[in-house]
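**Q** Working from the sequences, and respecting the hints, build out all of it.
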Amino acid sequence: MTFTAPWFAWVAAGVAAATIALHLLAWRRPPPSPLPTVRFAPERPVRMVSRAIRPADLALLALRVLLVLLVGFALAGPVFARQPRGTARVIVMDRSRAASVGATVADSARAAFQPGDALVVFDSLAREISRPSPDSIVAAGTASAVGSLSAALVTATRAAERLRRDRDAVEIVVVSPFAQEELDAATAPIRGTWQGPLRLVRAGRLRGDTLAPARPTVRGGSGDPVVATLALVGAVPGGAAARVVRDSLTAADRAWASVGRLVVVWPVTTPAPGWPRRSAADTAFAVTAIGPAGQPAPDSARRAATVVAPFVRASLPPPGRVVARWSDGEPAVTESALGAGCVRSVAVAVPGIGDLALTPAFRHFARRLVEPCGGTEVMRPAGDSVLTALLPSRPSASTASATRPERARATTPRLAVWLLALALAAGLAEMLVRRGASNAAA
Amino acid sequence: MRERRSEVEAAGGGSRGALLDALRGVKWPALRTVGGALPGAHHSRLRGAAPELSEYRLYRQGDDPRRVDWRLLARSDRAYIRLAEDRSVVVTTLVVDATASMAYPPRTLRKWRTACDVVVGLAAVAHASRDPVGLLAVGGNGVRQLPPRARRGVVGEVARALDAVTPSGAAAMAGAFAGAAVRSRIAIVSDFLGDADALRRRAGEVAAAGGEVHAVHIVADEELDPPGRSILAVDPEDASVSRPFVTESRAEYLSRFGAWREQLAAAWRAEGLSYTLAVASEPGARIVRRVVGAGQGTDLHPRREER
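In order, the protein sequence lines correspond to chains A and B.
In terms of our numbering, the first sequence is residues 1 to 442.
In terms of our numbering, the second sequence is residues 1 to 307.
Heads up, some of the hints might be wrong.
With the Cβ distance kept under 8 Å, some of the chain B side facing chain A (calculated, not the full set) [what the hints assert, rightly or not]: (1) R71; (2) D191; (3) E223; (4) I231; (5) L232; (6) A233; (7) V234; (8) D235; (9) F245; (10) E252.
In short, the hints are calculated from the structure, not lab data.
Cβ atoms here follow ideal geometry from the backbone N, Cα and C, with glycine treated the same way.
**A** Pasting the structure below:
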């Protein structure tokens, strides 16, 4: 048994000793002695303080000492520590957009995982997998959201504290490509809340590393303005995994897209089958492909592509993530996930007459529409020096001391509550015994 | 000399021998003329046929014809009565307090022993003047009485009677000497912690009737200087009276006790009685000398306090 605040127990022991000493100086009747002239002595209470070799009122003394010791030990926070067994790890696996390329993150996580370890997977959110196994790592999959190492560390720290009650040592192992976008200002303080070791395993490649430039595939007729536009656009990052269809979406297109590719459905005539129709066709005079989500505002504005021209609006794109909007804010292009890939629906009718499709603005607009799912933002890897500063293998002393009371507060032993209850009972018993003794003396 | 030796032996041998030796030659004159007819050492109010001529007085009817000076009648043809100063004895009753308060301190009983020494000493002094000496020991076990006698060995009888008494219990002393002879001399040896007021009133009545009362107040050293340790003081005559005695009580106790002694002495003297305060540690002979010399002036303060 250990104590969270052992000095409370020492203070209680001192108070108990003082209580015993006071009982040796208890009020008692002095020894009677004859004195013929007693009538001239002033009237005083018959009881006086005197020292005694044996303490008086043994029952009261026992109850008072018990009361003091119980309160002291309860405040000291006794904790019955279990016998620690071996070491354990908390595997923190990145399943965010940064790690969505390839399977090396999952492979590294599976290599580090051992039975009895805890598993935390994270993207923008983090969750602990109950009853983890190597299959749980595979089943975790990937997500398109930007990861948050801070959220992952909070969940991992909670799991590590739980494991530490039963283990000699607990280590948090973070398996991730460690993009800069996954770090924030809270990462370092959250790291300080965990007093144990932290190991970083850089695995996988960032998304931007794998998007090789290529021409996207276009299924359209000859003289199609979009085909011409994309021909002028040329190679785009990840273009090999993009397909533009100027007709309707087929089952083959769905299968092709579901393995992490992009299918852009850009029908020649709108409305396309299955798309919601507008109540009345009208004309919009501009369309803008907005910057990808998660990008800083200046980058998002710089990467926006706007085409100013009279467009006839006859239909709305299916619901999904808005990629482009009309000048009045209505969605013009939406994106919906399909397996590991996505389908991008373009409700922008391109006039076959005129040179709109050949303008740089429209080419820039088209280039944005064939970017891979979730955008083509390049995630930059965090440097080793940055990682060492934000996520050291051991927390700094100042951070550890600042967070120690939080840990002590987190462990509220149930035994203390029982001790306080017993102390309350002892106090009541002491009061009853004292009252009985007073009545007997009276 | 032989009589004196026998008295010493009767009074307890060596233990009281020094006391009696110290009191040899001490007289205890009566405070006023006595009315007794028996010849003694004290001036009598009666003028009778003592050998020592005082004056002549004309014969009056009713005078004893045997006291007529016939030679003067023959010379002057006038009948004169021959008068002379008479001396008489005074009956002395020694009243001693034998209640439990006198048995103090419990280990040494010095208070009681001093009272006994004073009584034996007074008896010896009175007996030396051939006064009849009697004893009244008033205690919880009753009254032990020796009627006044002037015979030899009466001092020893008083001493033996006192030795047979164990002070205990409580008793009222005022009524004990109700039957004492009128115009006698009464010496009360007590601590006056019992019925002091009633006793003083009774003594005043005796004095008003022509008697003579001496109060000898015995005070133990431990009463004047109580022990410093904390005790629960219990009245030996009444166990229900108990009070704690601690250091803080000492000053008030001494003040109260001193004031009471002053009041007691003043009250006795206001009645025209003799009052002598004696500390138990004071030699008995010295106390006796102060008692017998306290006829004219009163001695309120014991020798111990004078030092």
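**Q** Now tell me if each hint is right for this structure.
**A** Here is how each hint holds up against the structure:
For R71(B), the interface hint is violated, the least distance from its beta-carbon to any beta-carbon of chain A being 67 Å, above 8 Å. Taken as an interface hint, D191(B) checks out: its beta carbon lies about 6 Å from the nearest beta carbon of chain A, inside 8 Å. Interface restraint check for E223(B): the shortest CB-CB distance to chain A comes to about 5 Å, inside 8 Å, so the restraint holds. Hint status for I231(B) relative to chain A: holds, with the closest Cβ pair at about 4 Å, below 8 Å.
Contact between L232(B) and chain A, as hinted, is supported at the beta carbon level, the nearest pair being about 5 Å apart and thus within 8 Å. For A233(B), the shortest C-beta to C-beta distance to chain A is roughly 4 Å, which falls under 8 Å, so the interface hint holds. Nearest Cβ of chain A to the Cβ of V234(B): about 5 Å, under the 8 Å cut. The hint holds. Given the 8 Å rule on beta carbons, the hint for D235(B) holds: about 5 Å separates it from the nearest Cβ of chain A.
At about 5 Å, the closest approach between the beta carbon of F245(B) and any beta carbon in chain A falls short of 8 Å, and the interface hint on this residue holds. A distance limit of 8 Å between C-beta atoms decides the matter here; for E252(B) the minimum to chain A is near 5 Å, and the interface restraint holds.
When the structure is compared with the earlier hints, a violation turns up for hint 1 alone.
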